[in-house]
Amino acid sequence: MKQFFVLALAAASTAASAQTPATNPMPDGSRDMYAGVGAVSRPRYEGADSTKVSALPVLQVQWSNGLFISGMSAGMHLSNRPTVEYGPLLSVHPSRDESGSGRIVDGVGVSSAPSLLPLAERLMRANRLAGMEDIGARLEGGFFFHYYLAPEWRLTSSVLYGAGRERDGARMELGVQRLALQVAPQHTLALNAGVTIVNPDYNRAYFGVSEADAWNSGNPVYRPGGGIKDVRVGARWNWALNPSWMLVTNVQATRLVGSVRNSPLVERPTNVTVSAAFAYRF
Amino acid sequence: MMRRAHLTACVTLLLTAGMGVAQSQAGEWVSYRDAYRAMVLFDKYGGPKNLLQHQLQVLPREKGMLGQGVQLLIKGSTVQTSLALDATGRTTLPLLKAAYDENAVLSPSRPLGGFTVRPRTTLALRADGAYDDAELRAACEQALGFARYADNAARARQCIGVRLVFSRQGEQAGVRVRASGAEQALPLARGAAFSGDIDDDFPVVTYRFGPAAGELITYNAPLAIVPLFE
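These protein sequence lines are chains U and F, in that order. To convert, note that position 97 of the first sequence is 97 in our numbering; the numbers rise steadily by one, no gaps. To convert, note that position 54 of the second sequence is 336 in our numbering; the numbers rise steadily by one, no gaps.
Hint data in this document are derived by calculation from the structure and do not stem from the laboratory. This structure is a prediction, so every number in the text was calculated from the model and none was measured. One thing to keep in mind: the hints can contain errors.
Here are the computed distance ranges between Cβ atoms for each label pair [said to hold, decoys possible]:
#	chain 1	residue 1	chain 2	residue 2	range
1	U	M33	F	A471	45 to 51 Å
2	F	G411	U	A193	50 to 56 Å
3	F	Q451	U	M33	41 to 47 Å
Here are a few chain F residues that sit away from chain U, every Cβ distance over 12 Å (derived from the structure) [what the hints assert, rightly or not]:
#	residue
4	A369
5	S391
6	R408
7	E423
8	G456
9	A461
10	S462
11	L470
12	G473
13	T488
14	E497
15	E512
Computed footprint of chain F on chain U; a stretch qualifies when at least three of its residues, placed anywhere within it, have a C-beta under 8 Å from a C-beta of chain F [as the list claims (entries may be wrong)]:
#	stretch
16	143–154
17	201–209
18	225–232
19	235–245
All C-beta atoms, glycine included, are put in the ideal place defined by N, C-alpha and C.
Could you build the full structure based on these sequences and the hints that come with them?
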């Protein structure tokens, strides 16, 4: 029964992964909502060596009809059984540009032939995304399916399509979660591990380097294939400060694997994201 | 500049939440919404359940904290209700939309030193105190059906019997099995009402289902009849 005491509170911007809270039966016409803000330290982009700290909005809303918004995802629980969850899922895949460092972008942008720069000068440049074509935020559509081995153990899966420059990137996330480990009164710990499998179009959009990109960025041309993109482990600690306020802390380590690992854009394959946020329950 | 703004916002939130912590007693409340989620599951269950009852159990962190007279309070902005607890800490939680919408809390009428709540499914008690073996089996199967509905891990389990839990004080806990015209007393032991409970000194009688059908006679009403799965 512990699953019903779990808050699968999503951190809105911490990860590109789709978030689906546990099903939440409630009176007709009611809703359960958390909103808050905090801070997140995360890699500047997937595979970046540098990190950035930014504000972290937190939002999770569930309605009695099964609809939910959780971070960057929205969906609907269609199952009537407490041991299975499934339904349609929409998710916003974050954009990627040279950001973080406007000067670098500007500087690279005015370079007519960066690939002809001396090697030492190119290596000194901190931003491997400089000169790479931007990828806008993308709305992905798909579905999720979760299966409870036991109330505290959940297998998760989701498939989403629509990422990348050409909106043809697809990703499937498989994971396992240990929910609601009560470490002390009002303190719960949830653990998760998972893997992301993507199609070649996804990898080429986010980790590939086209000839045009190579010309503009100085990165060598790279065409990764599909397959397993990353593996990850994480922990979430929820501290219910009082009936209305909660402190949500997330730590997640992700390791890029497969052809993505050797992308010229990847500075380090292992990244850690840490976030903490206060959320108010309405 | 942006980072400074973020930091300021975080510190403000931290102070706000800190005040909230100071105002609340750690561990002395449970969200009504969370309890509601656990309890409404039984209502939504469409299988047979006429021989069962589903209640919320208050579980103090330390043994012996549930004395007589402790009540569970539902406190919302408009909803204020007190619920009597039996000796095992159980009560029937009313499923109130108003309490849910107000994000009400459940708290004990006097400090328990921290507690959690847990849903408990037991067999409905009979006024005459006589339980036919076939009826006990049917009730246990109903409880197992609900357990399987709520928990995939229960799919491999089977009903093996029932545990009758009696009050620590007062009248004697006597249970006899009547079969083929003869009566046999079942042995009394001390144990927990529910598996894993910290209070483990209730008078309990375990009746295991066997090949011979009989009738269970209780001479005093038990607090609970707990289905046993294995």
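These are the hints, each one checked on the structure:
For U:M33 paired with F:A471, a C-beta distance near 48 Å keeps the hint of 45 to 51 Å intact. Range check, F:G411 to U:A193: Cβ separation about 52 Å, and the 50 to 56 Å hint holds. The hinted range of 41 to 47 Å is satisfied by F:Q451 and U:M33, whose Cβ atoms lie roughly 46 Å apart. Residue-level check passed: F:A369 sits 22 Å from the nearest beta carbon of chain U, beyond 12 Å.
Non-interface call for F:S391 relative to chain U: holds, since the shortest CB-CB distance, roughly 17 Å, exceeds 12 Å. At roughly 27 Å, the least C-beta separation between F:R408 and chain U is larger than 12 Å, which holds for a residue marked as non-interface. The claim that F:E423 lies off the interface holds: its Cβ sits roughly 19 Å from the closest Cβ of chain U, which is beyond the 12 Å cut-off. The non-interface label for F:G456 is consistent with chain U: the shortest C-beta to C-beta separation is roughly 33 Å, beyond 12 Å.
Its beta-carbon lying about 36 Å from the closest one in chain U, F:A461 satisfies the requirement of being farther than 12 Å from that chain. At roughly 41 Å from the closest C-beta of chain U, the C-beta of F:S462 stays outside 12 Å, upholding its exclusion from the interface. Distance check on F:L470: its Cβ is at least 30 Å (rounded) from any Cβ of chain U, clearing the 12 Å threshold; non-interface status holds. For F:G473, the non-interface assignment is confirmed: its Cβ lies about 21 Å from the closest Cβ of chain U, beyond the 12 Å cut-off.
The Cβ of F:T488 sits about 23 Å from the closest Cβ of chain U, beyond the 12 Å cut-off, so the non-interface label holds. Here F:E497 stays apart from chain U, with its beta-carbon at least about 33 Å from theirs, past the 12 Å limit. With a minimum CB-CB distance of about 16 Å to chain U, F:E512 clears the 12 Å threshold, and the non-interface call stands. Coverage of the stretch 143–154 of chain U by chain F holds [criterion: at least 3 residues with CB-CB distance below 8 Å; count 5].
Interface restraint, the stretch 201–209 of chain U with chain F: violated (0 residues with C-beta to C-beta distance below 8 Å; minimum three). Coverage of the stretch 225–232 of chain U by chain F is violated [criterion: at least 3 residues with CB-CB distance below 8 Å; count 0]. Residues of the stretch 235–245 of chain U with a Cβ under 8 Å from some Cβ of chain F number 6, which satisfies the need for three, so the listed coverage holds.
Figure legend: structure checked against the earlier numbered hints; hints not met, in rising order: 17, 18.
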